[in-house]
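Quick mapping for you: the protein sequence lines, in order, are chains A and B.
Taken in order, the first sequence gives residues 1 to 405; the numbers are from the UniProt record's numbering.
Taken in order, the second sequence gives residues 1 to 405; the numbers are from the UniProt record's numbering.
Everything labelled a hint here was simulated from the structure, so no lab data went into it.
Remember, identical chains collapse to one label, so a pair may be satisfied in a single copy or spanning two.
Under the rule of at most 25 Å between Cα atoms (straight-line distance), these lysine to any residue pairs were calculated in the SDA-like manner:
| # | residue 1 | residue 2 |
| --- | --- | --- |
| 1 | 87 | 335 |
| 2 | 28 | 130 |
| 3 | 27 | 127 |
| 4 | 87 | 362 |
| 5 | 394 | 371 |
| 6 | 63 | 104 |
| 7 | 200 | 140 |
| 8 | 27 | 101 |
| 9 | 297 | 333 |
| 10 | 87 | 333 |
| 11 | 394 | 117 |
| 12 | 200 | 12 |
| 13 | 394 | 2 |
| 14 | 122 | 337 |
| 15 | 87 | 358 |
| 16 | 200 | 145 |
| 17 | 63 | 333 |
| 18 | 122 | 358 |
| 19 | 28 | 90 |
| 20 | 63 | 18 |
| 21 | 87 | 337 |
| 22 | 122 | 53 |
| 23 | 122 | 23 |
There are 2 protein chains.
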Amino acid sequence: MAVGPGTLPTLHPVAGFRIGTTSAGVKKPGRKDLVLMEIAEGASTAGVFTLNQFCAAPVRICKTHLQQGMPSYLVINTGNANAGTGKQGHQDALDVCQAVADRAGVAIQQVLPFSTGVIGEKLPTDRIISAVPAAFDALSDDGWLEAASGIMTTDTRPKAYSMQLEHQGQVITLTGISKGAGMIKPNMATMLAYIATDAKVEPALLQSLLSRAADQSFNRITIDGDTSTNDSCMLVATGASGVEVTEDNSELLAQFGAAVDKVLLELAQAIIRDGEGATKFVTIRVEQAASSEEALKTAYAVAHSPLVKTALFASDPNWGRILAAVGYAGIDNLDVDTLQIWLGEACIVENGGRAASYTEAAGQAVMNREEITIRIILNRGDKQETVWTTDLSKEYVAINADYRS
Amino acid sequence: MAVGPGTLPTLHPVAGFRIGTTSAGVKKPGRKDLVLMEIAEGASTAGVFTLNQFCAAPVRICKTHLQQGMPSYLVINTGNANAGTGKQGHQDALDVCQAVADRAGVAIQQVLPFSTGVIGEKLPTDRIISAVPAAFDALSDDGWLEAASGIMTTDTRPKAYSMQLEHQGQVITLTGISKGAGMIKPNMATMLAYIATDAKVEPALLQSLLSRAADQSFNRITIDGDTSTNDSCMLVATGASGVEVTEDNSELLAQFGAAVDKVLLELAQAIIRDGEGATKFVTIRVEQAASSEEALKTAYAVAHSPLVKTALFASDPNWGRILAAVGYAGIDNLDVDTLQIWLGEACIVENGGRAASYTEAAGQAVMNREEITIRIILNRGDKQETVWTTDLSKEYVAINADYRS
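Could you build the full structure based on these sequences and the hints that come with them?
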């Protein structure tokens, strides 16, 4: 139940960044569920995190440690989110950090913790801490694919992307992994992503590149409108390539920035393609809006409508449901007589109703596809926004009704 | 797939209000799908309508006609919403009104049209107009139950309520019907409701009583967060009892107002109990909020969360999903350490995590019930709001994926 083949490209190692994956038995024995990432000295690290006010203990600690200096280790467990766990959860996350710090001989502030899985159950710190040495032993330059599997929850397949760009004969590598399949919505979702590059980038610039890219990728995807307590996206620049990206070199900055955007978009879209129970990959593009805000409001109203999503699942060109969702998106003084709605290459709505040229056959032809684009042309201005989402299938309900059992 | 027995009380006739139901074959031959309501001269009529900007042609005409005087007839078809139908749809709705007006010898402005069903298909006016005489012939004081069935779409059972109150030895009757099962959300949903009383009430006062009651009932229910193009709720006061409700008689006004509130709440809750695929009736109550707005925001975040709704369907006390939804509701400076969340009589969240007293057995006992109350105590003020919703079942997806086939 995922859209597209999910074939992964070659995952280039990133010099100065090693990964080790092992089994801690967090939820199920034998499952590889603990990932350790080691960052070489002198690297910069940037992060963006969930806006959920019940953000998990590891998220709070990540933010605090990141303010205190550059991290040397990221430690990630799946199977337990350590969220809604109060003071105990905070201490548990610190205990895991301490175990990593002790083993490496670094300060606890140099370790950032991440957790994903069920909310509200105590983190089994004993099992995680016992597995820390094995994670260190597993550290390698070539650990990306195993880590992509190691951070999965209800994901059906690993998600990763890698690319290289050339600058004056030198090569910059960017490689990343992501996970997430449900509780996916703007402002980061049950979503973890780790991207490393061997470019050299100062922390402030790296943060601004990450924030911009995340805003146009992870913050534009939605499966079910639920924002998780644990979402984190980290970008590490080791500098090992010797190529420095700075504000002064605008050409390289643009090239590198586009690459960061590309890697994050690929990782974000991979999450949608593997959305819980997903059978469709849906692009919703709102054009000619008066503001980005109203473009997003409209796009999300359509993307979150269970009626639109079930029609997509059924491959039913029930375009009236799209029209209804646009109508309740909350745009003041919407002129329903001049806006247009397109399903793929078929105009479905104009002049306040079904387009004269529309035929059920044309709508059906688009709906039968695995990848569908809905375009809404508001005719109110020159702003546009795109979001990506999935259909709502019986499988989605089955997955989420059975998740804990 | 509906919650509770759905037993209807005795539906008292309302003097001055007659109803006729017949078959027009709008969508399926033989189905009783056309309802005519006749309002005696001298009655007052009030209405509240959908806020969807793509509101259907009949809704626009209702509003216009209602401004031009008091109506004598309401004509309702199921099987076709006459929404997203542009100018043609407008003319079609007027044609139906004209047919009723001609037969009765009244002005077209005295006829209000209502439609519910599939969006975007042309209203089969020929068939409806041909059936108008039969609807007139069927008019009777005792037509409530047949009409309750005649306005159904994906509803599995008719919805009606009736009550009487005494004032100084005189009896006032209130009887109403409603329909709706999906596309149900605040600001009226694919929801139609017709309530009549034999009290005498001036139009302005009647409107204010209706608006208040609708705000606390139909505007507090949500199944899927979709707001329909066609929602309408009408309250007719025929005056035939001779009892006049005025602002001057505050005791009678309070008594009558409470009765209007009660009838609308019963009709609104009946819609939730018969929500598409519903297996649970869920009350979400937010207390100690700083404002009604933030109480509603919190309640709807929980009510619309697919993850909470699938957990309810599974009878799974996965309380972490409720906590996560409260966390992303968008309340600024929420103090997660002092709020409480209750599932029935079990406190599930306090001190920023799972309540110390909580046990899985206690949560399971509540979740196993058909009727579940979630209470969220924000500890920020003295405002409170309640909304009602359902779970999200596989059956919901099946119904909405198969609706047009």
